[in-house]
Amino acid sequence: MPVRARNLGLPGAACLLLVMATLFACVTPVLGHAGGDPVISEAPAGPYLLYVWLEPNPPAQGEQHVTVSVNLSASGTASESEPVLNAAVTVTAIPQPSEESDRENLQAVSAVATHAQATNKLFYEARLDLAGAGPHLITVNVEADAGSAEYEFPAEVSPKERQGILQKFLSWLRQLFA
Amino acid sequence: MPDSVIAALTTWEWRPSILAVCAAFCILYVAGWARLRRHSRHSQTATVRALALYLLGVGFLIYALLSFLDVYGGLLLTIHMLQHLVLLMVAPCLILWANPFPAMLWALPSAWRGTVTLHLQGNSRFRRLLAKTTPMPALYGLYVGGILLWHDPNLYNQAQNNNWIHDLEHVTFFGTALLFWWPIFGASPRVHGVVGYPGRMAALLLCVPPHVIVGAWLSFIEYPVYSYFESVPRTFGMSVMQDQKLAGIIMWIPSSMMYLAGVIILLAQLLTRTSNAESSGPHPEPKEAL
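Protein sequences, first through last, are from chains U and W.
Per the numbering used here, the first sequence starts with residue 17, numbered consecutively.
Per the numbering used here, the second sequence starts with residue 59, numbered consecutively.
Watch out, some of these pointers could steer you wrong.
[To be verified] So the derived label-pair ranges between C-beta atoms look like this:
#, chain 1, residue 1, chain 2, residue 2, range
1, U, PRO175, W, THR192, 35 to 43 Å
2, W, ALA196, U, GLN112, 27 to 35 Å
3, U, ALA104, W, GLY199, 27 to 35 Å
4, W, GLN327, U, PRO74, 56 to 64 Å
5, W, TRP275, U, ALA104, 42 to 50 Å
6, U, GLY78, W, ALA319, 27 to 35 Å
7, U, LYS176, W, LYS190, 48 to 56 Å
8, W, GLY199, U, ALA147, 53 to 61 Å
9, W, ALA319, U, PRO60, 42 to 50 Å
10, W, ALA319, U, ASN73, 24 to 32 Å
[Claimed, not checked] Sample of chain W residues facing chain U (criterion: CB under 10 Å; computed from the structure):
#, residue
11, THR68
12, GLU71
13, VAL129
14, LEU133
15, THR293
[Claimed, not checked] Computed list of chain U residues with no C-beta within reach of chain W, every gap over 10 Å:
#, residue
16, PRO54
17, SER57
18, SER126
19, ALA147
20, ALA149
21, LEU153
22, ALA162
23, SER164
The set of hints was computed from the structure by calculation and includes no laboratory data.
Virtual Cβ for every residue (Gly too), placed ideally from N, Cα, C.
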């Protein structure tokens, strides 16, 4: 038997409206949440140890979140390292196309990684807008009291998939519960 | 205050899905509570204390799932253990202590309320089925079994690396905890009748050995049990082994103490009732409400 709104009663209807309103109103912040999959762990970069997470992983055309943890260890070992909280971190994605002609069309994109954008306030997060697919070089540049350092690693960026309406809805729904 | 502590306290994970579900259950409870209170000013269920307990319980649930306890639980086993304590003991106990079922029933339209009541009263088939499928030993088995299962190293590592499995872990922890603590608190619906104090105390006492065994194992073992924590950045000056030992101690001692505290509270209640019964003489047994 279909349930009519008036049979739900005021509390039930209010409940339902609140749930739906919250879900619909909060889509953008949910889609902005990152964290992601760990891709680099305990990578030495100058005096620091870097950890990097990517969301989505593997990286894809469009909005890409890169989360970085910068740790410093007096002894050089990861087990005794502590997070560096006052570093200036910049993340750059440099396309590495095979064709020379493509190099003119694709440009490097760069973004500053900040605590404010990261879920875990010990980390830094940057949001890159990757215009093209294919091989890229991701560079993490760190400047802090202990000095400057740079670390780079390759990443294969997938082309943006064309999604049907149903797939878009399912992706949106999945993001809500991620 | 150290910057890392400030960073921890300001870390919140924005998950509208969790907030929406918790908000819905809060609205349902508060609406029913208000309606029940209007219906009967002397209701033993719709009290200010019950309202406070329920909202506090849901508040702790939200804190466990959205605050730094969840985010930092991915970096430190100690923090993850504290999160589990809240999901398994603090939040469910507060919620069930409020005995929320009657209030939630009153939030429903009268027709729905009548249907639910009909299926849970007297000798109804559903009530008998519910009582048969949720005996105390089965609820204990689900509760302790779930705790032991999710501390298996392979499963634990998978939960840390996969959000879906991690959410399943939390849902099973909270769900089995609600089931286990349900007869302990004597919360509605009381399909099992009144579970005797000896049975409740025995169930709590039997929770202690598994926690002691797993906690001591984590504290004394000489290598990292959960390889996941070897791949994440270190924080608060703790190495992987220091973190593991502290987490083991938390599971071993404070967890066990909470169960023993429950036994002491139940024992005190039993002694009080016995004393009151002796002083007041024979008294007819009160009819059990839903």
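Quick rundown of the hints versus the structure:
U/PRO175 and W/THR192 have their C-beta atoms about 52 Å apart, which leaves the hinted 35 to 43 Å range violated. About 59 Å separates the C-beta atoms of W/ALA196 and U/GLN112, a value inconsistent with the hinted range of 27 to 35 Å. Restraint check, U/ALA104 to W/GLY199: a C-beta distance of roughly 54 Å breaks the suggested window 27 to 35 Å. Evaluation of the 56 to 64 Å hint for W/GLN327 and U/PRO74 yields a pass: the beta carbon distance comes to about 58 Å.
A hinted range of 42 to 50 Å for the beta carbons of W/TRP275 and U/ALA104 is consistent with their spacing of about 44 Å. Under the hint 27 to 35 Å, the C-beta atoms of U/GLY78 and W/ALA319, about 53 Å apart, miss the expected range. Between U/LYS176 and W/LYS190 the CB atoms are about 54 Å apart, so this pair conforms to the stated range of 48 to 56 Å. At roughly 56 Å, the beta-carbon separation of W/GLY199 and U/ALA147 lies within the given 53 to 61 Å, and the hint holds.
Taking the beta carbon of each, W/ALA319 and U/PRO60 are about 48 Å apart, inside 42 to 50 Å as hinted. Range check, W/ALA319 to U/ASN73: about 44 Å between beta-carbon atoms, so the 24 to 32 Å window is missed. Proximity of W/THR68 to chain U holds as hinted, the smallest CB-CB distance being about 5 Å (cut-off 10 Å). Evaluation of the W/GLU71 hint against chain U yields a held restraint, the C-beta minimum of about 5 Å falling below 10 Å.
At a threshold of 10 Å, the smallest CB-CB gap from W/VAL129 to chain U is about 5 Å, leaving the interface hint in force. Given the 10 Å rule on beta carbons, the hint for W/LEU133 holds: about 8 Å separates it from the nearest Cβ of chain U. Residue-level restraint check for W/THR293 holds (minimum Cβ-Cβ distance to chain U is 6 Å; threshold 10 Å). With a cut of 10 Å on Cβ distances, U/PRO54 falls inside the contact zone with chain W, its closest approach being about 6 Å.
The Cβ of U/SER57 does not lie farther than 10 Å from every Cβ of chain W; its closest approach is about 5 Å, which violates its non-interface assignment. The beta carbon of U/SER126 is kept farther than 10 Å from every beta carbon of chain W, the shortest such distance being approximately 24 Å. Under the 10 Å C-beta cut-off, the non-interface status given to U/ALA147 relative to chain W holds; the minimum distance is some 28 Å. With a minimum CB-CB distance of about 25 Å to chain W, U/ALA149 clears the 10 Å threshold, and the non-interface call stands.
Non-interface status of U/LEU153 relative to chain W is upheld: no Cβ of that chain comes within 10 Å, the nearest being about 23 Å off. At roughly 15 Å from the closest C-beta of chain W, the C-beta of U/ALA162 stays outside 10 Å, upholding its exclusion from the interface. Listed as a non-interface residue, U/SER164 keeps its Cβ farther than 10 Å from every Cβ of chain W; the least gap is roughly 20 Å.
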